[in-house]
Every structure is written in C-alpha cells, then in structure tokens.
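> For the record, the sequence lines run as chains Y and V. Sequential numbering from 1196 applies to the first sequence in our numbering. Sequential numbering from 24 applies to the second sequence in our numbering.
Think about it this way: if two alpha-carbon atoms lie no more than 35 Å apart in a straight line, the pair counts; the simulated DSBU-like pairs of lysine-lysine are:
1) V:Lys164 with Y:Lys1319
2) Y:Lys1279 with V:Lys33
3) Y:Lys1329 with V:Lys161
4) V:Lys86 with Y:Lys1245
5) V:Lys161 with Y:Lys1245
6) Y:Lys1331 with V:Lys121
Hints were generated in silico from the structure; no laboratory data involved.
Each chain, letter by letter, is given below.
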Amino acid sequence: MRFMMIVLVKSYDLEAEPEPETYGAMDRYNLKALKAGIVRSMEGLHSPEKSFRVSFKKGKPIVKDGPFTEAKEIVGGYWLIDVKNRAEALKWAKQIPGNEHMTVEVRQAEDFEDFSPEIQAAAKNEPAIRGALKKKTRKKK
Amino acid sequence: MRFMMIVIPKGYETAPADAMPSAEAVAAMDRYNAELMKAGVVLSMEGLHPPSTGVRVTFKNGKPIVRDGPFAEAKEVIGGFWLIEVKSREEAIAWARKIPGDASMTVEVRQVQEWEDFTPEVQAAAPNEPAIRAALEKKRKKV
Chain Y
1196 MRFMMIVLVK SYDLEAEPEP ETYGAMDRYN LKALKAGIVR SMEGLHSPEK SFRVSFKKGK
1256 PIVKDGPFTE AKEIVGGYWL IDVKNRAEAL KWAKQIPGNE HMTVEVRQAE DFEDFSPEIQ
1316 AAAKNEPAIR GALKKKTRKK K
Chain V
24 MRFMMIVIPK GYETAPADAM PSAEAVAAMD RYNAELMKAG VVLSMEGLHP PSTGVRVTFK
84 NGKPIVRDGP FAEAKEVIGG FWLIEVKSRE EAIAWARKIP GDASMTVEVR QVQEWEDFTP
144 EVQAAAPNEP AIRAALEKKR KKV
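Next comes chain Y alone, as it looks inside the complex (with noise of 0.2 Å):
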C-alpha cells in the first residue's frame, strides 16, 4: 500500500527558518527509511511567497500570487512510501524527528483498483499514463 505523509506547517510559523540540526536529524531519517526500501519519492517545496494558486471560475482559471492568507497550514514536503499495511505506514509516521511547528499528514495514496467501474472506464488513458510514468526517468538537467 502506498502512503503519502505531508509534512504541514502552521503558517505563521513560516518564517522560523529551520535550524541546520533540523535537516542533519530529517537527512538520518531519510537514510534509514532508504535502506528499509520504503521510499517511493520525496520533495521539499519553496515558499507559498514564490508561489500561485488557480481557482476555477464557471471553468475560468483565476491566478494569484502568494502568500496565500486564506491557508491556515501549508504543505512543507511529502514522502511517498509503499509498506505492507497502515500500520507500518504509522510506524514510519511516528519515527520522523518532528517538532511542534509540524503537522504529518498521513493518507493513502489511490489505486486505479480503489475506483469503481464506472470511474475507471471514464478514467480510459489512466492505465497507459501509469505504464510510461513507471518507465519514465527524470531529464538531465
């Protein structure tokens, strides 16, 4: 089963820049959840101030420019594991070196079998996108 866990920040606690400790202990944590094989990806992402939202307007795309005041928490990174069940997904959960300015949001990540019928014969090109995101490899930059 594959898990998501979303590291979330409070928003006002954005500007606190995180010590250096804080990756040396999160760069450990990385290291053993690598050995174990549970590591599907992972990502940091910049600030909500370099950042944009699009809201839909009768299907019209409405853009604007962070920081988002409306956002309460934003999303800091996420680890995408795969494990046997939820609760290992929560063992791996717990073990991360958090501290107060952060939230893990653990959610399971859907599976093409999850959807019924009707959706995944609506969803057609879904198979095939999977198959050759699977082969696919990150262009050298």
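Add chain V to chain Y, keeping to what the hints say.
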C-alpha cells in the same frame, strides 16, 4: 524546474471514507492527464483517499501524538497532486490554467527544492541527501 501542482478540493476535508468524484469530472481530468503526458512534462501524479481515512501525527518534545481523521482544524486538505518538470514558472502557470477545475477546486503551485537551492551550511547538515537522490532515481529506472 520542477513544480508541484497541489489540488485542494473544497469539501474534501469532511468527505466520507467512500467519497468518489463524478465520472464526468474524472473523464475531463483523464484527458488533461493524457495531454500532460504527451507533452512530456509530468513526472508523477497521485490522488489521495479522503482525510477521514487518514491520520495526523504531531510532535510534543519530540514524542509523536497520533490522531485519526477527519481533522476538524483543517480548512483545506489535499486531494492529489501532479509533479511536473517545465522550463519556466510561466510554463507551470500555463499548465495550471488548463486544469479542468470547477468552483470547488483550488490548485496551489509550488516550486520543488533542488539540492542547489540550499545554503552550503544546510547541504553540509544533510550529507546523505545526494546519495539518497541517486538511489531513488536508480530505483525508478529499475521498475
């Protein structure tokens, strides 16, 4: 440049465990996904089960506290995401604008941090990171 396009669907924060989108919305998204794929910009994409089936972990003095969903404090939750690789912020904006969104959907677009974005001090604090990145990339190729 890599960007994460995070889908924030209004109402998903209280959605029941078995919530499903409409077939019509899925079909429109499927066409958009195929377009992204053909353009060669999508690296990964996922949808997530409702928060009512998830957990949140907070930390007090380093000790984890686990709570089951739904999360009453959450005003916005993630429905899913695309990770895309494009040439510029403008190109990311152009792709985000093409999403077949409705009035209940907000998409937050954030640039992904690369190793070079960190200060030498932070890079020194994360000595395993380059090797972890390389191993993850290799793993992807093997699949």
